[in-house]
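Student: Given the coordinates of chain A, work out where chains B, C and D should sit on it, guided by the hints.
Residue numbers (this note's numbering), protein chains in the order written: chain A, 94 to 469; chain B, 94 to 469; chain C, 8 to 333; chain D, 8 to 333.
Keep in mind that the hints were calculated from the coordinates and are not lab data. Remember, predicted model here, so these are calculated numbers, not experimental data. Any given hint might turn out to be false.
Said to hold, decoys possible - Each computed EDC-like pair below joins lysine to aspartate or glutamate, with the alpha-carbon atoms no more than 20 Å apart:
(1) D:K9 / A:D97
(2) D:K25 / D:D13
(3) D:K9 / A:D392
(4) D:K25 / D:E15
(5) D:K9 / A:D95
(6) C:K25 / C:E64
(7) D:K9 / A:E386
(8) C:K9 / B:D368
Below are the chains, spelled out letter by letter.
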Amino acid sequence: MDLDLSPVEPFQAEVRAWLRRNVPATPLPSLETEAGFTAHRAWERALGAERLSAVSWPEAYGGRGASPLEWLVFEEEYYAAGAPGRVSQNGINLLAPTLFAHGTTEQLERVLPPMAAGEVIWAQAWSEPGAGSDLAALRATATRVDGGWRLNGQKTWSSRAAFADRAFGLFRSDPAAERHRGLTYLMFPLDAEGVTVRPIGRLDGRPAFAELFLDDVFVPDRDVIGEPGQGWAVAMSTAGNERGLTLRSPGRFLAATDRLLALWREHGADPLLRDRVADAWIKARAYRLKGFETISRTDDIGAEASVNKVFWSELDVELHETALDVLGPDAELEGDWLEGYVFSLAGPIYAGTNEIQRNVIAERVLGLPRERRVGG
Amino acid sequence: MDLDLSPVEPFQAEVRAWLRRNVPATPLPSLETEAGFTAHRAWERALGAERLSAVSWPEAYGGRGASPLEWLVFEEEYYAAGAPGRVSQNGINLLAPTLFAHGTTEQLERVLPPMAAGEVIWAQAWSEPGAGSDLAALRATATRVDGGWRLNGQKTWSSRAAFADRAFGLFRSDPAAERHRGLTYLMFPLDAEGVTVRPIGRLDGRPAFAELFLDDVFVPDRDVIGEPGQGWAVAMSTAGNERGLTLRSPGRFLAATDRLLALWREHGADPLLRDRVADAWIKARAYRLKGFETISRTDDIGAEASVNKVFWSELDVELHETALDVLGPDAELEGDWLEGYVFSLAGPIYAGTNEIQRNVIAERVLGLPRERRVGG
Amino acid sequence: MKFVLDAEQRLFGETLHKLLTETGTPALIRRWAAGDRDRTLWTALAEAGVFTLAVPERHDGAGLLPVELVVALHELGRHAVPGPIVETLAAAVLLGEADDEALGARWLPRIAAGEAVVSLVAPAVVRRALDADAADLTLLVDGEEVWSALPEGSAVRSLDPARRLFPVVAGERLAAGPAVPRAAAAAYDLGVLACSAQLVGLGRALLDTTVVYARTRRQFGRAIGEFQAVKHHLANVLTGLEFARPLVYGAALSFGSPDFARDVSAAKVAASDAAYAAARVALQVHGAIGYTDEYDPSLWIRKVRALHSAWGTPAEHRARVLAVPR
Amino acid sequence: MKFVLDAEQRLFGETLHKLLTETGTPALIRRWAAGDRDRTLWTALAEAGVFTLAVPERHDGAGLLPVELVVALHELGRHAVPGPIVETLAAAVLLGEADDEALGARWLPRIAAGEAVVSLVAPAVVRRALDADAADLTLLVDGEEVWSALPEGSAVRSLDPARRLFPVVAGERLAAGPAVPRAAAAAYDLGVLACSAQLVGLGRALLDTTVVYARTRRQFGRAIGEFQAVKHHLANVLTGLEFARPLVYGAALSFGSPDFARDVSAAKVAASDAAYAAARVALQVHGAIGYTDEYDPSLWIRKVRALHSAWGTPAEHRARVLAVPR
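If we strip away everything but chain A, and leave its shape as in the complex, we get (with noise of 0.2 Å):
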């Protein structure tokens, strides 16, 4: 057993480097408004270029084939320097898995290198208005056609999906068959013929997801992951690579209680607040370790996925509470903590509720019997 990041430290030294010199002086505004989304997008395709954005890819596809520890230590350097939020992580942290899980080579080099580029930025399209955690329930559809597929139905808060380009998530193809049962994965243009997007303002009325009218959009074959049918089994991979690190890198927390941490001096260090601040502080670094523990594991982590994901969305409210209690009479002034607040509160209702994933601790981690009725 040991921590020793000797190995990476070249790397690590280069990341550091380059983002010093690139990481602009100035936050770029909201991703979730209009230009905002175009400056991020342009700080994507610079971190494409040099092959940063997706680090854990293959060089072919436009990463660097970093190690899950170089890529912990790029997003440790990559939030420490305040870089700017992931546009791409959509596509980058769940479309990707499933793709080098479930895709054609013609897939993966026609989709990829584009996205490590910035040049196409994804939404998911996961929700509908009647299947929300309970993802069995979708109902819109994939009808069979000459060469394709044709869509229709409704999607609902597709994150990012007011400005990206493509869209992923799952559809009935086969009518008769029951919930997990008889659906197909696949990829569409946000442009297409057919595609209606409503943007849907969030807490902050900013425009961070949207709702998707899709009437008889025409999907070619190519565009399906893995078989017709198995979108279920499909999408599941993805789903647990969701609720483990990628979507949530320890560096994120990392940067985000050291600035906490600062923040609390710069307010005169209130000893009321001192132990809410130290919690935040240990917690990250918990999460830390547990993300080494996690990459020096060889077994599958399986269901205990679930268990970083309740931590790291409780752990990133908790903190940006403390933050606004810092701030105390000025918390409800729009600013970067409070944008970060609203944020934080969609982890512990999205990628499963957290009482949803209490439910898969409890039964698949700790053997507890299910209730005798469905779902649960």
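Tutor: Here is chains B, C and D on its own, set in the frame of chain A:
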């Protein structure tokens, strides 16, 4: 709407003066020890002689005919004076309300005066090894015999039973009936032939409760409360009472949080603990005002009693945890705060766990749907 | 002792609830957030007597009636009514107690009648003037002086889109003297009380909305309100609100006593915590829809977070609770 | 970088677990609580190498092996082994670093061999000597001096019946000099680390026991582990423990670095909170039976509460975490 307490001030002044003269200068030994039990019994006799052991009872039974407001004020004065814990509380707060609701005049006249006088101390005998929160799963039996009943079976978590004189509980009188049906509410002496009392130590080792083994214990008909077979309905009036104000009067928490505040100040008023001390103090006042609201209402509070039970039991744990944190490295050491902490830990468990209370609140106060299975 | 509302007080609350339900506040909140300063509702609230409750009888008010004021603000909170209502009521107390009859006569009858909308800054405790662009008068109280204030620069945006907060500079001096700090303290305490009542109302509305949602929204083949986790979240919210409410009414009844400052602080702490818990649970149980600005309850959620730290932070109020020597 | 135990380390833990399972610690804890000072288990632990882990090789130890020490203490915590084990290990560090070869030679080989049981007082941080009646030596370290100490008066009782805490007075002076405060600091940090490992082990055992109970105990016609409230309680406990454990191992690996003090404090905070949550949930899920002193898990519950504030309170450790300038 008013909070005018002036009409009860003469009574309050009398109680305060009596307590100032009579409360022992040094605290009595713990009532969960044999010596302490004896000392507390003597104290009950002194209270009883002044008709102060059960002020809200009619004078004929040893009370003062006090109004609910006078009772609340009595409790405030009682605990503010640092008077001893009430070894008679099972009888006065659990059994007596049942007798007032369902007992015969003969029972009231026979049972209540010695209870008020501190001559007979009662234990409760609700739970059984297989029936804790799920009281309807009781299995101990009462079998009809000439002139009365024969009790058989086992009771457990019988508080005070290690040293008390008599006990009350539910017994299955119709072995064919299921769950809530066929139960009978009975009183029985703990020194009767066939009763074996095995004291059980609580977390700090003190015999705060006992197991009762009942082997053909004879109980005459006059010691059945209400109709045979109607025990569940009879008991429920007591259960509601228990979750309301009487088991934990606001006066207890007002006194405890004042002591907490003093302890915190003596230990240097550490700002780290300030918010928690303030919260305990505020919550005790909230519970006091809620008590005034409850006695001002003319309708039955019904399931809202569960809201009180959750609130006081969690306040009790929190305030003692805060006190232990004030004590810091000495928190683990034997003393009043540690004993209070141990006592508080039972609160969220007994008289219906707080999990069950929250179900009751959600289903019966908020009207959320019941789970479509037995119980819950 | 009778610590429940009497029939007249209940009727007052029900009347306001009916008025506000008919008004349909969500659309009004959105218009207010967009800068529409229409006063139709303000006038209706004045007609119902809301602004008389902090105005002395000699200035056409009802005298200071803290319990009725709590009743009113509870309903206004329940409907998330926007605008500087607490500020106007606190200003009425300041003007009524500042020992300047001419100043009082100039503004208080207009406040009582709903003709004057007032905002307020007291640098140590209320830093910026809420909706000063909508006000006929913005007061700046500092030490022994009261000034009429003018917005300086543009408003700061709050998480609550219906709150615009203006930095101000002093204009004309309106009053001065040793009565001012006392009047300012009374105004602050009354503002805290009013804010607490609003928070309990906001929390209650969020609980009610979320309960209805949990009864009807289905996931995994059943109403989500059947799940014990959802039940327990909502039971906790009810418990918090049920114990905040008596603190708010208890504080109202201690108006005029030396305990008033401590009691309003205790009420604010409990109301803030209970309403914030209600907002968090509302968001969690609603899921994504509660997180969108087009869903009406999100207006309540944002207002709760804003008021949580308005009129004194929870930490400041906890300090006030313990500051009283005893 | 490989942040998981290697095969040898895992085997060491499993060996101890097997030894302690066969020993049957609950009966042993009760005997220890009753004053029985039998050393059979102590000797067996020494044979397994536990006490060599804090003793330099020149004094018959294994050198200071913090990771192995955490492995051992995790298992000892899991079985709630009583006695001044952490104190003996911390004393070994103190004696090893105090720059007094003769003193070290006198005691360290005996500690390594399990022949010397040592208790310890360091007034600012460890106020009383645990189980001094069972010890061959009680150290009192104060400033630049180390004394052998004697119990003064009778022991104070702890909530954990197996812990007797003795006030002490100084006897013979054993060592003095500028190395002493440094040695004492190292001893304290190692004691904190050992205590944290114990707490994680205690919490883990309580979680495992409670999960088994929840699977088998039936109420309302089903296993209580089917109820979502019980599931979520236990899921929270697991989450707390899962993130405390890496902090404890991470701290062990920072031994010798300037971050060690900060890292053991972070570990203690997280381990203490996670174990305390495990104890509260164990009690709540077990109901009354968990509240009785004759039910074995209650021994674990009480020990957790005692260790929660031993070897530095959570507040003291949080302060240490933030004290480091950066």
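Student: Please go over all the hints and tell whether each is borne out by the structure.
Tutor: Comparing the hints with the structure gives:
1. D:K9 / A:D97: holds, 8 Å
2. D:K25 / D:D13: Given that 20 Å is the threshold and the Cα spacing comes to 18 Å, the pair holds.
3. D:K9 / A:D392: Roughly 14 Å between the alpha carbons, so the hint for K9 of chain D and D392 of chain A holds.
4. D:K25 / D:E15: holds, 15 Å
5. D:K9 / A:D95: With Cα atoms ~5 Å apart, K9 of chain D and D95 of chain A stay inside 20 Å; holds.
6. C:K25 / C:E64: Judged against 20 Å, a Cα distance of about 27 Å means the pair is violated.
7. D:K9 / A:E386: holds, 8 Å
8. C:K9 / B:D368: violated, 31 Å
In this structure, the hints that do not hold are numbers 6, 8, in rising order.
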